[in-house]
Amino acid sequence: MRKFFENSKQALLITIIMFILCGFIYPFAVTALAQGLYHHKANGSLIEMDGEAVGSELIGQAFTAPEYFWGRVSSVNYNVYTREDTIPDDNGQVNYNGVSSGTFNYAPTNPELKKRIEADIEKFLLANPSVKRQDIPSDLMTASGSGLDPHISMKAAEIQVERIAQASGLPKEEINKIIEANLEKRTLGIFGERKVNFLMANLEIMKKMDRKRD
Amino acid sequence: MWQIAIVLIIYLPLVILTGHYLYRVTLQQKTWLDPLLDKVDTVIYKVCGIKRVDMTGKEYVLSLILSNAFMVFMGYIILRIQALLFLNPNNINNMEETLSFNTIISFMTNTNLQHYSGESGLSYLSQMLVIIFMMFTSAATGYAACMAFCRRLVAKTDTIGNFFIDFVRVITRILMPFSIVVAIILVSQGLPQTFSANKTVQTIEGKLQDIAIGPIASLESIKHIGTNGGGFNGANSTTPFENPTVLSNIVEMLSMMLLPGACVVAFSLMVSHRKKKAIFGKQGLAIFTAMSILFLAGLVTVYIAEKAGNPIISELGITQELGSMEGKEMRFGVAQSALFTTVTTAFTTGSINNMHDTLTPLGGLVPMFNMMLNVVFGGKGVGLMNMMMYVLLTIFIACLMIGRSPQFLGKKIEEKEMKLIALCILIHPAIILLFSALAVATPSGIAGITNPGAHGLSQVLYEFASASANNGSGFEGLADNSTFWNVTTGLAMFFGRYLTISIQLAIASLLAKKVWHSDSVGTLKTDNTTFTLLLVAIVLMIGALTFLPALALGPITEHLQLYS
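As you go down the protein sequences, you meet chains B and X in turn. So for the first sequence, numbering that gives the first Met the number 0 puts the first residue at 0; every next one is plus one. So for the second sequence, numbering that gives the first Met the number 0 puts the first residue at 0; every next one is plus one.
One thing to keep in mind: the hints can contain errors.
Just some of the chain X residues that point at chain B, by a computed CB distance under 8 Å [unchecked claim]: (1) G48; (2) F69; (3) A182; (4) G189; (5) T193; (6) T238; (7) L361; (8) S508.
Think of the hints as simulated: they come from the structure by calculation, not from any bench. Yeah, the Cβ is synthetic: ideal placement off N, Cα and C, and Gly gets one too.
Same shape as in the complex, but just chain B:
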């Protein structure tokens, strides 16, 4: 019995010590190191324009305007919303419930998946009349796992050039150059996939459009 009591005391004390060591000291030490070594990245790799943050290099955004690249399907709309989305409607429902991440979690056999993709293909073909159905790569019509994917495949970017050129008034070569500049190759030539960061590409399109207007 005395042994049991002694064991309990040790168990309680070790819990408290580890509470402090692992729960406090460790995360604070890592934060100090991270903020000192990689200040920009440790704060979310935010992109600033004219002193205001407009997004993060690593997080995609929902784009709907024809002059910008569109990203992959997102079940959380990339956490992008308008002020109206936060105001409850007549049923007390809001369109935007706060920050989250995830996907639709449709099984491959789920009829909802087929329905969603079919609708998205129709919508895309309507907005891009020059694109043929068989040229649409599947990454553009499927939902990413996080709902925040900042990348699309090279092919998914290329089939949008025609539409972007028309809507933005920029020449096609210019847009192809932007794709080229934001193309991320496989790491060391082997690892991962070839992809385009569409948020960074869109920022460039916006800058080019601004310059043209001036």
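Fit chain X to the supplied structure of chain B, relying on the hints for placement.
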């Protein structure tokens, strides 16, 4: 294909090096961090009143359960009052009762099944004081148990090792230094590490975007090093802030593969230490090879299944060159996703870099089967112990067939041990299948299912396999934050962890007390290729026989429907 092979090749030297380090830590031999860490340890021992006395198997298990109980208690309180405490810049509310119960069991048992979403469910303080804290302590608990187990297999007495000392040494010498290094590497790839509140930015289309940040890197490193797997964000390592690049993906995979593999290496050294020093002891190598065969078979299956894509999407007339991309991230593609899926379920971590619910039927069958077997490396030490159950079973069956008396490492395996081994092997399938049956038989269980048809059953099976194997990944479509699911999976995790560990240590205690016999010509060799293949066969036979009916109704039916 090459990118997968290269990662695995990098893994081999790393795991052997770490195994040797783990061996030195376990046997309290000198390591180069000693001058600093000896002082830290001494302070901790002094404050806690820990004495360097050896414990019996029973005392060891009791100390393990007692300390875990205190941790559960403290963590539960924090979750219930987090809104009142500091470090809560995003104004998160207190967690509801059954959800808190589930969460706390989940993290204490190293499962990390998450029925909440980190961005909206936990304050930064809870992420640190509950989640990070438990990620360290639950992993250390698992390793301590494994050390106690291995020591007893080679010892001649049951009074050996002290739980508190093992526990502290694992944290200060392995988990903590490794986590700090990995966290900094991850920050260099873009993981945030800050205490400031989430950012709201204005997009160039004039809308608003919320960006969730926080002390993510410090959680992410121990999440993988300790094979925990619970994400800072709801979507776990699929989110760019938890896994921004291919490099971070590889670092996270190697982190979770490192220690479970190293346990086998350390065990191999403990077993062979009397003979001349080897890089990788023969007995351990036989077990490591058996695990690797099962691992590679699973990996190839997932890769082929995902690369083939979804025939229903092909029918819609778009091009599917990249393979099945639903639920996957563009930066990882099929290859990196398939590897991560196999690794996270084989090494029972449970973090995900793609959504398992959206995997093709056969691609989803593999992670489920890995967790049902629960011996393909397995997590944080307990994987090795589970495999040892099969090793003992294989020896027993093989010896029955050739008419010799079963013996392992000089200890005879007799009736009492065999009864416990059989019990231990049966608990895991019993938990999974009985709870699954309960779930599909009750309205509140069925209410959680979100995909129609055979996949619905897969969702249920996966959830309980994950809970019982202490894995923590999920077919995330399952609407699992309800009283039914919180309580049933909570119980599955609890029994899957503590019943199994207690029985395994009891078996080790029994073996430790036995008289040692030297090997004779008649002894079955347990460190050659024949034994490895026999072990794989027994694991598959037991696994296949127990789970085949359930798998046939779930993923296999779905596969046939998809291709009909």
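Exercise for review: Verify the interface restraint on F69 (chain X): the C-beta must sit less than 8 Å from at least one C-beta of chain B.
Suggested key: F69 (chain X) check passes; min Cβ-Cβ to chain B is 4 Å, inside 8 Å.
Exercise for review: Verify the interface restraint on L361 (chain X): the C-beta must sit less than 8 Å from at least one C-beta of chain B.
Suggested key: Hint on L361 (chain X): violated, closest Cβ of chain B at ~10 Å, above 8 Å.
Exercise for review: Verify the interface restraint on A182 (chain X): the C-beta must sit less than 8 Å from at least one C-beta of chain B.
Suggested key: Because about 5 Å separates A182 (chain X) from the closest Cβ in chain B, which is inside the 8 Å limit, the hint holds.
Check your understanding: Can we keep the T193 (chain X) interface hint, with Cβ of chain B closer than 8 Å?
Key -> Result: holds, 5 Å to nearest chain B Cβ.
Practice item. Go through the hint on S508 (chain X) and say holds or violated, using the shortest Cβ distance to chain B against 8 Å. Key: Constraint on S508 (chain X) not satisfied, violated at 17 Å.
Review point. Can we keep the G189 (chain X) interface hint, with Cβ of chain B closer than 8 Å?
Key: 5 Å, holds
Review point. Can we keep the T238 (chain X) interface hint, with Cβ of chain B closer than 8 Å?
Key: 4 Å, holds
Review point. When the nearest CB of chain B is found for G48 (chain X), is that gap smaller than 8 Å?
Key: Check passed: Cβ of G48 (chain X) comes within 6 Å of chain B, closer than 8 Å.
In summary, the structure is inconsistent with hints 7 and 8 from the numbered list given earlier, while agreeing with the others.
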